[in-house]
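Trainee: Take a look at the letters that make up each chain.
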Amino acid sequence: MMGRWKFWVITALVTTLVAAAIYIPILRKRMKRAARQQQQSEEQARRELIQPVPVNPGDPRVKTKLFWASDSDGSTLAPVVVELPLSNDPVLRSKQVLNTLLAGPVDTDLRTLPPDAVLLAFYILPDGTAIADFSEAMATSIPSGIVSEQLAVDSMARTLEANVPQIQRLKILIHGQEVETLAGHVDLTSTFIVNTNLAVPPPGPAPAAPSTTIPAPKP
Amino acid sequence: MLLDVGNIIRFRFLSICGLASVLLFSTAIVFSFQVPSPTQQPPATSPSQAVPGAPTPQTGTAGALVTSPQQQSGFNIVVLDPAHGGTDPGARGTGGMRESEIVLDFAAEVRRALEQQGFQVVPTRQGNDNPSFDDRSAIANAQRGAAFVTLHISSTGLPGTVRVYVNSDLPQLTDATGMIPWDRAQAPFLGLSHKFGDLVQGFLAQRFKGSPDTAQTASVRQLRTTAAPAIAVEISSVVVNDRTDLDRMAPGVADAIARGAAAFKPMYVVPATPGTQP
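Keeping their order, the protein sequence lines are chains A and B.
When the count follows this note's numbering, it moves up by one through the first sequence with no breaks and lands on 937 for the last residue.
When the count follows this note's numbering, it moves up by one through the second sequence with no breaks and lands on 771 for the last residue.
By construction, these hints were calculated from the structure, which means they are not laboratory data.
Among the clues, some could well be false.
[Claimed, not checked] Pair by pair, the computed Cβ-Cβ distance ranges are: (1) R779(A) / R700(B): 42 to 52 Å; (2) Q895(A) / N734(B): 33 to 43 Å; (3) D581(B) / A730(A): 45 to 55 Å; (4) G721(A) / T587(B): 29 to 39 Å; (5) Q895(A) / T580(B): 15 to 25 Å; (6) W723(A) / G588(B): 41 to 51 Å; (7) Q610(B) / D807(A): 53 to 63 Å; (8) P743(A) / V614(B): 43 to 53 Å; (9) I728(A) / D740(B): 40 to 50 Å.
Nothing here was measured: the structure is a model prediction, and the numbers come from that model.
Think of the CB as a built atom: it goes at the ideal place given N, C-alpha and C, for glycine as much as any other residue.
Turn these sequences into a full structure, and let the hints guide you.
Mentor: In structure tokens, the structure reads:
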């Protein structure tokens, strides 16, 4: 009598253990998926809050030079020419080219900016300094390292130089704030030179020159 | 009414014990605040302690490089900076690899190689702590005749290659006293940094195929506030399948840095007068 009772208890325990072993990994996967979906929906909500860049179909389609990584090791930039309808207004035009840069090239290995980063605001000061404000994903999703961070900054500076001649320098903000570095390496406290023919250095923070590894855009 | 003497004595005894415990506890708390934890300890060679009169980040200047009489003239010190640490792991790779941990191991190897070449090595961190950029620069700025090497592991790039970076051009500015502002302390040393960087990169290119032949420029935050010839060495990358692939690179990287420093020694003439620019 006692033996049978023990048998049933052990059977129930073993069954529970087997069920838990099967169910717990499934539960963990579901929790991870739910967390990812929540993160995506937050990013989606943030994107929806941002005013879309108006694309006027009447804007002339112009050859636009965009700078993405040139090779698979991701250490230099190369220009890619695409036809885009671009506004004549320098602020709108800058938003259009930066958003195209954020969207990335066809070959995703050549992208220089994280795909989930969003351009929150962009304006140009009277002295030609452009202020680009990006979402936090720009700092948190970019691969950490000097080469990848410098490449990201240079791709923006060179693309703006090639397409928006009014811009002299670029200042990058993250979520409206000045931050010390992009992802632990490249200095964001200063401005980056966009117009490489600029002779007079600006007052205030020291401008950071573009990397010598980046080929200068050909006119 | 009866007075229970036993209870009174027990009460007094307990009160004394309680007071003694409170006193002991308070003393322990006071001492724990006075003795900083290993992560809070200032660096051993912080300018305000090791070199009297040397500027600190708070003074806003980095130009006056004051030396103690014991220090030898000439380039004989390398300030070695394993990047990141503490709550900042840096780049994260496969299998939980952390840049902050790998660079510590590399730093130990580089230190041995530099000491074999006769250099004195001053590390910016030896454990899992994270001094600020300015704290790390301050260690180098307090030395005379020092060079600064910051070690990084990237999360991109061709695995097995190494790149040396020198800070991008900074306009030289001096304030009314002739001192260099702290935030562009690297400006007068950029020429020397390029020479040092090119030498180290040359030795690295011989060992690690696919590495560039000369040093690159980038706006590296750590280098900007360093008043010494300063380079960043970045190894590719944490995205390797096996940590041993990176570990195998350490002796080669260490040897190249040490040989680069030795070759740079005759080029780096430390000014005879402290505080003068190179």
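Trainee: For every hint, state whether the structure bears it out.
Mentor: Structure-based check of each hint:
1. R779(A) / R700(B): 42 to 52 Å: With Cβ atoms ~50 Å apart, the hint holds.
2. Q895(A) / N734(B): 33 to 43 Å: With a Cβ separation near 38 Å, Q895(A) and N734(B) satisfy 33 to 43 Å, so the hint holds.
3. D581(B) / A730(A): 45 to 55 Å: The hinted range 45 to 55 Å holds for D581(B) and A730(A), with Cβ atoms some 50 Å apart.
4. G721(A) / T587(B): 29 to 39 Å: violated, 52 Å
5. Q895(A) / T580(B): 15 to 25 Å: holds, 19 Å
6. W723(A) / G588(B): 41 to 51 Å: The hint (41 to 51 Å, Cβ to Cβ) holds, given that W723(A) and G588(B) are roughly 48 Å apart.
7. Q610(B) / D807(A): 53 to 63 Å: 59 Å Cβ-Cβ, so the 53 to 63 Å window holds.
8. P743(A) / V614(B): 43 to 53 Å: holds, 49 Å
9. I728(A) / D740(B): 40 to 50 Å: About 49 Å separates the Cβ atoms of I728(A) and D740(B), which means 40 to 50 Å holds.
In the structure shown, a violation is registered for the earlier hint numbered 4 alone.
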